[in-house]
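There are 2 protein chains.
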Amino acid sequence: MATPIEFIFDFSSPYSYLASEQIEPLAARHGRSVDYQPMLLGAAFKATGQPVLVDVPLKGEYSKRDFARSARYAGVPFTMPQPFPIATVGAARAFLWLKDSDPARSLAFLHAAFRTYFAQGRNLSENPVLADVLRQVSVDPEQAFAAIAQPAIKERLKAQVDALLARGVFGAPYIVVDGEPFWGNDRLPQIERWLEKGPF
Amino acid sequence: MATPIEFIFDFSSPYSYLASEQIEPLAARHGRSVDYQPMLLGAAFKATGQPVLVDVPLKGEYSKRDFARSARYAGVPFTMPQPFPIATVGAARAFLWLKDSDPARSLAFLHAAFRTYFAQGRNLSENPVLADVLRQVSVDPEQAFAAIAQPAIKERLKAQVDALLARGVFGAPYIVVDGEPFWGNDRLPQIERWLEKGPF
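Just so you know, the sequences run in chain order H and V. This note's numbering puts the first sequence at residues 1 to 200. This note's numbering puts the second sequence at residues 1001 to 1200.
Any given hint could be a false lead.
So the derived list for chain V, only partly shown, Cβ under 7 Å to chain H, looks like this [as the list claims (entries may be wrong)]:
id, residue
1, His1030
2, Thr1048
3, Val1056
4, Lys1059
5, Gly1168
6, Phe1170
7, Phe1200
Pairs of lysine-lysine, BS3-like flavour, derived with a Cα cap of 30 Å [said to hold, decoys possible]:
id, chain 1, residue 1, chain 2, residue 2
8, H, Lys46, V, Lys1158
9, V, Lys1197, V, Lys1158
10, V, Lys1197, H, Lys64
11, V, Lys1099, V, Lys1158
12, V, Lys1064, H, Lys64
13, V, Lys1064, H, Lys158
14, V, Lys1064, H, Lys197
Simulated coverage check for chain V against chain H, where a stretch passes if three residues somewhere in it have a Cβ under 8 Å from a Cβ of chain H [unchecked claim]:
id, stretch
15, 1002–1013
16, 1069–1076
No wet-lab data here; the hints were simulated from the structure. Idealized CB from N, CA, C, for every residue including glycine.
Based on the sequences and whatever the hints tell you, model everything.
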């Protein structure tokens, strides 16, 4: 069995959302699975001195246009959420907790969380919204909030973010196939070529 | 006749080079021509506070890998030149002078200049290299250097850069189709869709 595709994401990254809607069918076409790994882009931007994309003059305005057009191009529902970006540490911890305890449900949670923020435009950083996402995938929010308040899961996310930074992850989605890194939703065609015909 | 595709570029931009090797056949498939417009990315980066891509920690290293892989993906010869980036004001002035005086030859010059820097890795900011590019397209370097030393052509480039900044151009390639801006070599598939089926 070929190694899984590593899909490194942040719940506040529009291009991560767009790629998350396409990566599983793409992987499946080539007999691969997807290993989702949450990142906190704030930490990556701090480490690399990058500003938040939408705050860059001129480029920020273009980016919002590009998010929406790239979503239409991919056939994925999209709403530019307000506020943007948001803190995603709670959602990331919940994802990691589910990934450890109930992997199948963690996938459903991931897609529900992304869609809640980027298709419905609801603020995923607010506990009532996160609770609603948990209920959508039949997880008891009270149990989840208790779990992610534990030091163990906080440490788990922190260690993961540090490990990803050490591996050179500076943005998201950051997709690793057979050790080869691809950054951005717009690298999906190169990933497809790689899976189809091997390294190029 | 449909309006030309505006292709805004910098001779020191690897993704501009990659797109320049693909845009004319793409445009021709849909009955369009290409209007090349030189930009100076240094001015755009200053206006938007962006650093030079290869200088960004982590992202810079990835980018060099991505330049080469994206070139292989596109089937375009590529060498990472040293030094990089370079000043392209001389080449941009020569291009504009030819565009005004001999449009067909300006296209040949553009491709020869890009290939000299990014396929052969020769430093286009040095006058002997620029002279060689001019000779490749049967332009007398002495005549060209005299022409681009005139205030008129310097003013022409400055006015063009200011106009492009005023239009929101923050990077390159920046490709405008029917008023819709597309940034980056990786937006060529969206441009193809736009030309094929209209706005989306």
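Tested hints:
For V/His1030, the suggested interface contact is broken, since its CB lies about 17 Å from the closest CB of chain H, more than 7 Å. For the restraint placing V/Thr1048 at the interface with chain H, the shortest Cβ-Cβ distance is roughly 5 Å, inside the 7 Å limit, so the hint holds. For V/Val1056, the shortest C-beta to C-beta distance to chain H is roughly 6 Å, which falls under 7 Å, so the interface hint holds. The closest approach between the C-beta of V/Lys1059 and any C-beta of chain H is roughly 4 Å, which is under the 7 Å cut-off, so the hint is satisfied.
With a least beta-carbon distance of about 5 Å to chain H, the hint placing V/Gly1168 at the interface is held under the 7 Å criterion. The interface hint given for V/Phe1170 holds, since its Cβ lies 4 Å from the closest Cβ of chain H, which is under the 7 Å cut-off. The beta carbon of V/Phe1200 is positioned within 7 Å of a beta carbon in chain H (closest approach about 5 Å), and the interface hint is therefore held. For the proposed pair H/Lys46 and V/Lys1158, the alpha carbon gap of about 35 Å is over 30 Å, so the pair is violated.
Using a Cα cut-off of 30 Å, the hinted pair V/Lys1197 and V/Lys1158 is violated, with the two alpha carbons roughly 36 Å apart. About 22 Å separates the Cα atoms of V/Lys1197 and H/Lys64, which keeps this hinted pair within 30 Å; it holds. Among the hinted pairs, V/Lys1099 with V/Lys1158 is consistent with the structure: their alpha-carbon atoms are about 16 Å apart, no more than 30 Å. Taken as a hint, the V/Lys1064 and H/Lys64 pair is honoured in the structure, with Cα atoms around 26 Å apart against an allowance of 30 Å.
For the given pair, V/Lys1064 sits about 29 Å from H/Lys158 by alpha-carbon distance, which is consistent with the 30 Å threshold. Distance check on the hinted pair: V/Lys1064 and H/Lys197 sit about 22 Å apart at the alpha-carbon level, within 30 Å; holds. Residues of the stretch 1002–1013 of chain V with a Cβ under 8 Å from some Cβ of chain H number 0, which does not satisfy the need for three, so the listed coverage is violated. For the stretch 1069–1076 of chain V, the stated coverage by chain H holds: 4 residues have a C-beta nearer than 8 Å to a C-beta of that chain, and at least 3 were required.
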